[in-house]
Amino acid sequence: MNPQAIAYFAAGIGAGLTIIGGAAGIGRLAAAAMEGIARQPNAAGDIRGAMIVVAGMIEGAIFFSLIVTMLLAFK
Amino acid sequence: MGPISILLAAVEGAGAAPAGAGHEGPAEILMHHVLDQRLGHFYVGPFDLAPTKHLLFFVAAALLLLVVIRMALRGYQQGVPRGLAAAVEGLVLFVRDEIAVKNIGHDGHKYTPLLLSFFFFILAAAFLGLVPFSATATGNVSVTLGLAVVSFIAMQYAGISTNGLLHHFTGMIPPGLPWFLIPIMIPVELLGMFSKPFALTIRLFANMLAGHMVIGALLMLVPLTAAISTLLGISMIPVSLGLALFVMVLEILVAFIQAFIFTLLSAIFIGMFAHPSH
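First to last, the protein sequences are chains A and B. With the numbering used here applied, the first sequence covers 1 to 75. With the numbering used here applied, the second sequence covers 1 to 278.
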């Protein structure tokens, strides 16, 4: 098989796997944040701030592996 | 990176060749728009010192910030800020109180100017990148690497100036460890010290790059579907433009969030080194 074809294939699979882990993690984070806000609405501001920060960090990890995937696809 | 410039390039590219093949397929146009482009040549020895597009917008973001903040400073009437000054002051107080003092402690105000520079520069670079025919300076890994190196220097300065050179490194090892774990902790902590700025670099770079690639890909839907049938392509235009505009609005939010996260994480790391209290 053409090595470039394998590289594209791998990049596609990599991107898919990345988004599974990332979206699952952020989904769990959002669920916990919603529950926390529901239990104590006057802590909503703090919880929202913490949620955005952690979501940013999880997204950072997602983008690490996305960079690896893009390197596979474009090199 | 705007809808108009991409659509213009796509129309002339797709008219010359079918999608994917030929000299300017949609993928090439997309990469053309997010990657750096050198403007002219100016060779000094083996180095080409001509400015590139990202460098130009890097300088433009810095100049824009200088001009806007100067304009904001003039809005102080009898000690009460009005208009632009109030908006800038709101953000400045937010960075100082919520980010600097909360994470670095009582001497947070020493690092506030640096954190403010990070925050406003990343914000300005991202906003400039949303204008048509422009480029996002922070979408270049060299720029974000430079910001992360400055953050790294700030972390080292914080640790060494507060704790002294020896304690800066010995304070990284948590107290109360069994003695046989210490040889393992040394490389782990050193690796952690270098991985923090690296994470900052990649996070900011990839966020900015990915946002613009999504916008470009959505706009590339038009020539791609136009290669199948012209009517389908024309009917894709409002859909594609609408989605791209929505993603650009989302990019504004992402700009704020990424600036905030870069600043917050820098402050947290500076605080960790200035006051190691594991």
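By construction, these hints were calculated from the structure, which means they are not laboratory data. Among these hints, one or two may not hold up.
[To be verified] Some residues of chain B that are not near chain A, with every Cβ distance over 12 angstroms (derived): (1) Ala-227; (2) Ile-261; (3) Leu-264.
[Claimed, not checked] Examples of chain B residues toward chain A, derived with CB under 7 angstroms: (4) Lys-196; (5) Ala-199; (6) Ala-206; (7) Ile-257.
Yeah, the Cβ is synthetic: ideal placement off N, Cα and C, and Gly gets one too.
So, going through the hints one by one against the coordinates:
1. Every beta carbon of chain A lies more than 12 angstroms from that of B:Ala-227, the smallest distance being close to 20 angstroms; the non-interface claim holds.
2. Non-interface call for B:Ile-261 relative to chain A: violated, since the shortest CB-CB distance, roughly 4 angstroms, does not exceed 12 angstroms.
3. Some Cβ of chain A comes within 12 angstroms of the Cβ of B:Leu-264; the nearest lies about 6 angstroms off, and the non-interface call is violated.
4. A hinted interface residue such as B:Lys-196 counts as satisfied when its beta carbon comes closer than 7 angstroms to some beta carbon of chain A; here the least separation is about 11 angstroms, so the hint is violated.
5. Look at B:Ala-199: its Cβ gets to within about 6 angstroms of chain A, closer than 7 angstroms, so that hint holds up.
6. Here the hint on B:Ala-206 is kept, as its CB sits about 3 angstroms from the closest CB of chain A, short of 7 angstroms.
7. The interface hint given for B:Ile-257 is met, as the beta carbon of that residue sits about 6 angstroms from the closest beta carbon of chain A, less than 7 angstroms.
Hints 2, 3, 4, counting from the list given before, are not met by this structure.
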